[in-house]
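Last residue of the sequence shown: 310 (full-length UniProt numbering), numbering continuous.
Hints are computed from structural coordinates only; laboratory data are not their basis. Because the structure is a prediction, the values reported are computed rather than measured.
Cut-off 20 angstroms, straight-line C-alpha distance, at most; resulting in silico cross-link-like pairs (SDA-like, lysine to any residue):
| id | residue 1 | residue 2 |
| --- | --- | --- |
| 1 | Lys-251 | Val-271 |
| 2 | Lys-251 | Arg-281 |
| 3 | Lys-108 | Pro-31 |
| 4 | Lys-243 | Gln-202 |
| 5 | Lys-24 | Arg-39 |
| 6 | Lys-108 | Tyr-290 |
| 7 | Lys-47 | Lys-108 |
| 8 | Lys-24 | Thr-164 |
| 9 | Lys-251 | Pro-220 |
| 10 | Lys-301 | Thr-203 |
| 11 | Lys-108 | Arg-97 |
| 12 | Lys-239 | Thr-203 |
| 13 | Lys-96 | Arg-21 |
| 14 | Lys-301 | Thr-173 |
| 15 | Lys-251 | Ser-2 |
| 16 | Lys-178 | Glu-285 |
Listed next, with one range per pair, are the computed distances between beta-carbon atoms:
| id | residue 1 | residue 2 | range |
| --- | --- | --- | --- |
| 17 | Pro-139 | Asn-276 | 28 to 36 angstroms |
| 18 | Asp-37 | Leu-247 | 39 to 47 angstroms |
| 19 | Leu-46 | Leu-247 | 32 to 40 angstroms |
| 20 | Pro-302 | Leu-42 | 41 to 49 angstroms |
| 21 | Lys-251 | Ser-2 | 14 to 22 angstroms |
| 22 | Gln-202 | Pro-123 | 29 to 37 angstroms |
| 23 | Tyr-283 | Lys-96 | 45 to 53 angstroms |
| 24 | Pro-220 | Thr-11 | 35 to 43 angstroms |
| 25 | Pro-264 | Pro-123 | 42 to 50 angstroms |
| 26 | Tyr-283 | Trp-124 | 38 to 46 angstroms |
| 27 | Leu-104 | Ile-304 | 46 to 54 angstroms |
| 28 | Glu-36 | Lys-301 | 42 to 50 angstroms |
| 29 | Arg-34 | Pro-105 | 16 to 24 angstroms |
| 30 | Asp-94 | Gly-242 | 35 to 43 angstroms |
Just so you know, even glycine gets a beta-carbon here, dropped at the ideal spot from N, CA and C.
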Amino acid sequence: MSRNRLLSERTAHDIDARVERVLKGLGNPEPPLRLEDVRHLLKLDLKFYTAKDPSVAQEAISRIRVATLQVFNRPALILDAIHKWSLKALYLPDRKRILLDGDLPIKKHRWNEAHEIGHSLLPWHEDAMLGDNSHTLSPECHEQVEAEANFAAGRLLFLRDRFTQEALSMSPTIETVKSLHGVFGNTLSTTLYRFVETAGVQTPLVGIMSGHPHVSRRKPDFDPANPCRHFIRSSAFAKHFGKVDELELFKAVAGYCGAQSGGPLGSCELVLIDDNGDQHRFYFETFFAYWDALTLGVYVKPEIQMVAAA
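Build out the structure end to end from the sequences listed, making use of the hints.
Structure representation (structure tokens):
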């Protein structure tokens, strides 16, 4: 399970200022954003590699850091790194080149490319990615670097405050997520992720991405101990509901979901307990997009506690 990592206000502001400069350089374009225009502005090169044609990833490299502390101390093939760490995308800062796995579905290319562009915008990522030993990349630091690139990608693909304004002007529902998905040209999954983080600053929102929740639709590799691919908390949710257990929440969501092969799977009001032990009511709804089940939970009100008279 991947629980989203929330950035400090200072870091988020710094990254957002860099994204703002890119979008201004493009003349503040209308959605959907053309990533080829971004690459042209930043003078970035894009190459695809595939299992059948790996030639673009056959260049020798002397140093590159991937994941945590692994560093190549001798010349190695980029392809070796890709295979060893099952990479789907890679940014080579010294060559200003992005490599994408061409075997992935085209819909996934857009986010992966934007994520690597995010790395390119943040100069403090370069040492980490090139294996500078003065930049110790612990698992904690690695998660931070990836969260920063994700934030940059989200602000870029959703055109910063343009998405914020539209998201806040609409009701927090799956239908709104589907509508914004169409406007900004990004996947439903990335739109749900960005919607929860954007629209949930004041109101607690929570999102879940998983396989089909219904027991009869679960795939053979379903892991009951780790059923959520992503558990997305808005800042307001993380602040007040930080102790909510995602496994128990998934079980509750699965309890109302039908076995439909696609579309809406169901909805229900669920009671969650905040960090002070008080109960609150949330409205949950789940939609199956044939590859991901997308669940959105929206705060409704405090749960009224009934006290029996003596």
